[in-house]
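Per my numbering, the sequence shown starts with residue 1, numbered consecutively.
Keep in mind the hints are simulated off the structure, nothing from the lab.
Keep in mind that a hint or two might mislead.
[What the hints assert, rightly or not] Heads up, simulated EDC-like pairs for lysine to aspartate or glutamate below, C-alpha to C-alpha not over 20 Å straight-line:
#, residue 1, residue 2
1, Lys55, Asp42
2, Lys55, Asp228
3, Lys71, Asp100
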Amino acid sequence: MAGHSKWANIQHRKGAQDKLRARIFSKLLREIFSAARAGGGDAAMNPRLRLAVEKARAASMPRDTIERAMKRAAGGAEGVDYQAARYEGYGPGGVAVMLDCLTDNRNRTVADVRHAFASHGGHLGADGSVAYLFHQVGQLAFAPGCDEDRLMDVALDAGAEDVVAHADGSIDVLTAPADFEAVRRALAQRGYTAASAEVTQRAATSAAVSGAAATETLELLESLESLDDVQHVYTNAEFPDELLARVPA
(Lines of atoms letter the chains of each structure in order from A; the text may use other names.)
(Lines give C-alpha, C1' and ligand atoms only; values in the text may rest on other atoms or scores of the structure.)
Protein backbone atom coordinates (compact mmCIF):
# COMPACT_ATOMS: atom_id res chain seq x y z
CA MET A 1 0.00 0.00 0.00
CA ALA A 2 1.38 3.40 -0.98
CA GLY A 3 2.76 5.31 1.98
CA HIS A 4 3.36 2.20 4.03
CA SER A 5 6.64 0.32 4.07
CA LYS A 6 6.65 -3.43 4.41
CA TRP A 7 10.37 -3.27 5.08
CA ALA A 8 9.99 -0.67 7.82
CA ASN A 9 7.57 -3.02 9.59
CA ILE A 10 10.06 -5.90 9.39
CA GLN A 11 13.01 -3.80 10.56
CA HIS A 12 11.05 -2.40 13.49
CA ARG A 13 9.98 -5.88 14.53
CA LYS A 14 13.55 -7.18 14.37
CA GLY A 15 14.81 -4.21 16.36
CA ALA A 16 12.22 -4.75 19.06
CA GLN A 17 13.14 -8.42 19.25
CA ASP A 18 16.84 -7.62 19.61
CA LYS A 19 16.06 -5.29 22.49
CA LEU A 20 14.13 -8.04 24.29
CA ARG A 21 16.55 -10.86 23.51
CA ALA A 22 16.13 -12.66 26.86
CA ARG A 23 12.36 -12.80 26.41
CA ILE A 24 12.76 -13.94 22.80
CA PHE A 25 15.05 -16.76 23.96
CA SER A 26 12.41 -17.87 26.44
CA LYS A 27 9.74 -18.01 23.74
CA LEU A 28 12.03 -19.85 21.33
CA LEU A 29 12.95 -22.42 23.96
CA ARG A 30 9.28 -22.98 24.72
CA GLU A 31 8.60 -23.59 21.03
CA ILE A 32 11.57 -25.98 20.74
CA PHE A 33 10.41 -27.90 23.81
CA SER A 34 6.81 -28.09 22.60
CA ALA A 35 7.81 -29.12 19.06
CA ALA A 36 10.16 -31.83 20.31
CA ARG A 37 7.57 -33.12 22.77
CA ALA A 38 4.91 -33.31 20.05
CA GLY A 39 6.93 -34.66 17.13
CA GLY A 40 10.12 -36.15 18.55
CA GLY A 41 13.58 -34.76 19.17
CA ASP A 42 15.05 -35.46 15.72
CA ALA A 43 14.96 -32.17 13.83
CA ALA A 44 15.59 -33.94 10.52
CA MET A 45 12.28 -35.81 10.94
CA ASN A 46 10.31 -33.03 12.65
CA PRO A 47 9.73 -29.95 10.43
CA ARG A 48 8.26 -27.87 13.25
CA LEU A 49 11.28 -28.57 15.44
CA ARG A 50 13.69 -27.92 12.58
CA LEU A 51 12.17 -24.48 11.97
CA ALA A 52 12.20 -23.67 15.70
CA VAL A 53 15.87 -24.63 15.95
CA GLU A 54 16.76 -22.55 12.91
CA LYS A 55 14.97 -19.53 14.37
CA ALA A 56 16.86 -20.01 17.63
CA ARG A 57 20.18 -20.17 15.80
CA ALA A 58 19.27 -17.05 13.80
CA ALA A 59 18.68 -15.30 17.14
CA SER A 60 22.21 -16.36 18.24
CA MET A 61 21.01 -18.79 20.88
CA PRO A 62 23.92 -20.99 22.08
CA ARG A 63 23.92 -24.46 20.54
CA ASP A 64 24.15 -26.22 23.92
CA THR A 65 21.06 -24.36 25.14
CA ILE A 66 19.12 -25.58 22.11
CA GLU A 67 20.33 -29.16 22.54
CA ARG A 68 19.44 -29.21 26.24
CA ALA A 69 15.89 -28.14 25.46
CA MET A 70 15.49 -30.87 22.82
CA LYS A 71 16.94 -33.57 25.08
CA ARG A 72 14.77 -32.46 27.98
CA ALA A 73 11.63 -32.71 25.86
CA ALA A 74 12.64 -36.01 24.27
CA GLY A 75 13.37 -37.38 27.73
CA GLY A 76 9.82 -36.69 28.88
CA ALA A 77 10.55 -33.90 31.35
CA GLU A 78 7.92 -33.84 34.06
CA GLY A 79 6.09 -30.83 35.39
CA VAL A 80 5.75 -28.99 32.06
CA ASP A 81 2.75 -29.37 29.79
CA TYR A 82 2.41 -26.51 27.32
CA GLN A 83 -0.87 -26.35 25.44
CA ALA A 84 -1.51 -24.39 22.27
CA ALA A 85 -4.14 -21.67 22.55
CA ARG A 86 -5.36 -19.09 20.05
CA TYR A 87 -7.02 -15.78 20.93
CA GLU A 88 -8.63 -13.28 18.61
CA GLY A 89 -9.65 -9.68 19.02
CA TYR A 90 -9.77 -6.14 17.72
CA GLY A 91 -7.42 -3.24 18.19
CA PRO A 92 -8.13 0.48 17.99
CA GLY A 93 -9.97 1.35 14.80
CA GLY A 94 -11.19 -2.23 14.45
CA VAL A 95 -7.94 -3.78 13.14
CA ALA A 96 -7.80 -7.55 13.46
CA VAL A 97 -5.39 -9.16 15.93
CA MET A 98 -4.79 -12.89 16.40
CA LEU A 99 -2.42 -14.57 18.86
CA ASP A 100 -0.91 -18.04 19.05
CA CYS A 101 0.17 -19.01 22.55
CA LEU A 102 1.85 -21.86 24.38
CA THR A 103 0.68 -21.96 27.96
CA ASP A 104 0.65 -24.13 31.06
CA ASN A 105 -2.22 -22.09 32.55
CA ARG A 106 -5.00 -20.99 30.22
CA ASN A 107 -6.76 -18.93 32.88
CA ARG A 108 -3.64 -16.84 33.44
CA THR A 109 -3.02 -16.43 29.74
CA VAL A 110 -6.52 -15.30 28.78
CA ALA A 111 -6.58 -12.86 31.70
CA ASP A 112 -3.26 -11.34 30.60
CA VAL A 113 -4.41 -11.13 26.99
CA ARG A 114 -7.75 -9.56 27.90
CA HIS A 115 -6.01 -6.99 30.09
CA ALA A 116 -3.59 -6.03 27.28
CA PHE A 117 -6.45 -5.50 24.84
CA ALA A 118 -8.49 -3.45 27.31
CA SER A 119 -5.50 -1.30 28.28
CA HIS A 120 -4.87 -0.21 24.70
CA GLY A 121 -8.30 0.53 23.28
CA GLY A 122 -9.07 -2.94 21.96
CA HIS A 123 -11.11 -5.91 23.07
CA LEU A 124 -10.86 -9.69 23.05
CA GLY A 125 -13.25 -11.34 20.62
CA ALA A 126 -14.92 -14.71 20.29
CA ASP A 127 -13.31 -17.71 18.62
CA GLY A 128 -13.49 -17.24 14.87
CA SER A 129 -14.12 -13.50 15.04
CA VAL A 130 -11.03 -12.60 12.99
CA ALA A 131 -9.37 -15.93 12.11
CA TYR A 132 -11.20 -16.02 8.77
CA LEU A 133 -9.16 -12.96 7.71
CA PHE A 134 -5.88 -14.91 7.92
CA HIS A 135 -4.47 -17.97 6.17
CA GLN A 136 -1.36 -20.01 6.92
CA VAL A 137 1.51 -19.56 4.50
CA GLY A 138 5.24 -19.94 4.26
CA GLN A 139 6.64 -16.43 3.93
CA LEU A 140 10.17 -15.36 3.01
CA ALA A 141 10.85 -11.62 3.07
CA PHE A 142 13.66 -10.07 1.03
CA ALA A 143 15.14 -6.61 1.45
CA PRO A 144 14.71 -3.86 -1.14
CA GLY A 145 17.25 -4.18 -3.93
CA CYS A 146 16.64 -7.77 -5.03
CA ASP A 147 16.16 -8.42 -8.73
CA GLU A 148 12.42 -9.05 -8.73
CA ASP A 149 12.25 -10.87 -12.07
CA ARG A 150 15.13 -13.23 -11.29
CA LEU A 151 13.90 -13.91 -7.76
CA MET A 152 10.43 -14.64 -9.11
CA ASP A 153 11.79 -17.11 -11.67
CA VAL A 154 13.83 -18.98 -9.06
CA ALA A 155 11.03 -18.98 -6.49
CA LEU A 156 8.31 -20.18 -8.83
CA ASP A 157 10.58 -22.88 -10.26
CA ALA A 158 11.20 -24.05 -6.67
CA GLY A 159 7.47 -24.38 -5.99
CA ALA A 160 6.47 -21.02 -4.51
CA GLU A 161 2.82 -20.05 -4.87
CA ASP A 162 3.31 -16.31 -5.33
CA VAL A 163 5.86 -13.50 -5.28
CA VAL A 164 4.62 -10.14 -3.98
CA ALA A 165 6.56 -6.93 -4.61
CA HIS A 166 5.89 -3.97 -2.31
CA ALA A 167 6.06 -0.27 -3.04
CA ASP A 168 9.22 0.10 -0.93
CA GLY A 169 11.09 -2.47 -3.05
CA SER A 170 10.90 -5.37 -0.59
CA ILE A 171 9.62 -8.70 -1.85
CA ASP A 172 7.67 -11.53 -0.20
CA VAL A 173 7.87 -15.09 -1.51
CA LEU A 174 4.80 -17.07 -0.46
CA THR A 175 4.55 -20.84 -0.31
CA ALA A 176 2.23 -23.55 0.87
CA PRO A 177 3.31 -24.49 4.42
CA ALA A 178 4.39 -27.97 3.25
CA ASP A 179 6.64 -26.46 0.55
CA PHE A 180 8.29 -23.81 2.73
CA GLU A 181 11.50 -25.68 3.53
CA ALA A 182 12.08 -26.83 -0.04
CA VAL A 183 11.58 -23.33 -1.43
CA ARG A 184 13.81 -21.76 1.19
CA ARG A 185 16.60 -24.26 0.47
CA ALA A 186 16.32 -23.73 -3.27
CA LEU A 187 16.49 -19.96 -2.90
CA ALA A 188 19.47 -20.16 -0.54
CA GLN A 189 21.32 -22.37 -3.00
CA ARG A 190 20.86 -19.66 -5.62
CA GLY A 191 22.18 -16.97 -3.28
CA TYR A 192 18.88 -15.61 -1.96
CA THR A 193 18.90 -15.53 1.85
CA ALA A 194 15.69 -14.15 3.34
CA ALA A 195 15.87 -11.52 6.05
CA SER A 196 12.81 -13.11 7.60
CA ALA A 197 11.52 -16.63 6.93
CA GLU A 198 8.69 -18.40 8.73
CA VAL A 199 5.45 -20.29 8.43
CA THR A 200 3.00 -17.66 9.58
CA GLN A 201 -0.55 -16.35 9.37
CA ARG A 202 -0.96 -13.76 6.63
CA ALA A 203 -3.88 -11.36 6.44
CA ALA A 204 -5.84 -11.49 3.19
CA THR A 205 -6.27 -7.71 3.26
CA SER A 206 -4.54 -4.95 5.20
CA ALA A 207 -6.02 -2.09 7.20
CA ALA A 208 -4.09 1.16 7.26
CA VAL A 209 -4.02 2.96 10.61
CA SER A 210 -2.80 6.47 11.30
CA GLY A 211 -2.65 9.08 14.03
CA ALA A 212 -3.59 8.15 17.58
CA ALA A 213 -5.13 4.85 16.48
CA ALA A 214 -1.84 3.78 14.87
CA THR A 215 0.16 4.66 17.98
CA GLU A 216 -2.20 2.81 20.31
CA THR A 217 -2.39 -0.19 17.98
CA LEU A 218 1.41 -0.46 17.94
CA GLU A 219 1.47 -0.23 21.74
CA LEU A 220 -1.16 -2.99 21.93
CA LEU A 221 0.87 -5.30 19.71
CA GLU A 222 4.05 -4.67 21.69
CA SER A 223 2.18 -5.29 24.95
CA LEU A 224 0.85 -8.61 23.64
CA GLU A 225 4.27 -9.66 22.33
CA SER A 226 5.77 -8.98 25.76
CA LEU A 227 3.57 -11.63 27.41
CA ASP A 228 5.52 -14.79 28.17
CA ASP A 229 2.80 -17.13 26.91
CA VAL A 230 2.34 -15.36 23.56
CA GLN A 231 4.43 -16.92 20.81
CA HIS A 232 3.15 -15.04 17.75
CA VAL A 233 1.06 -11.93 17.16
CA TYR A 234 -0.65 -11.46 13.79
CA THR A 235 -2.50 -8.39 12.58
CA ASN A 236 -3.82 -6.83 9.40
CA ALA A 237 -2.77 -3.36 10.62
CA GLU A 238 -0.35 -1.47 8.40
CA PHE A 239 1.56 1.43 9.91
CA PRO A 240 2.94 4.61 8.39
CA ASP A 241 6.74 4.70 8.13
CA GLU A 242 7.05 7.82 10.24
CA LEU A 243 5.44 6.11 13.24
CA LEU A 244 7.86 3.17 13.14
CA ALA A 245 10.77 5.59 12.79
CA ARG A 246 9.73 7.42 15.98
CA VAL A 247 9.33 4.35 18.17
CA PRO A 248 12.58 3.17 19.83
CA ALA A 249 13.61 -0.30 18.66
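Results of checking the hints against the structure:
For the hint linking Lys55 to Asp42, the alpha-carbon distance of about 16 Å falls within 20 Å, and the restraint holds. Between the alpha carbons of Lys55 and Asp228 the distance comes to roughly 17 Å, so the proposed pair stays at or under 20 Å and holds. The suggested pairing of Lys71 with Asp100 is violated, with an alpha-carbon distance near 24 Å, which exceeds 20 Å.
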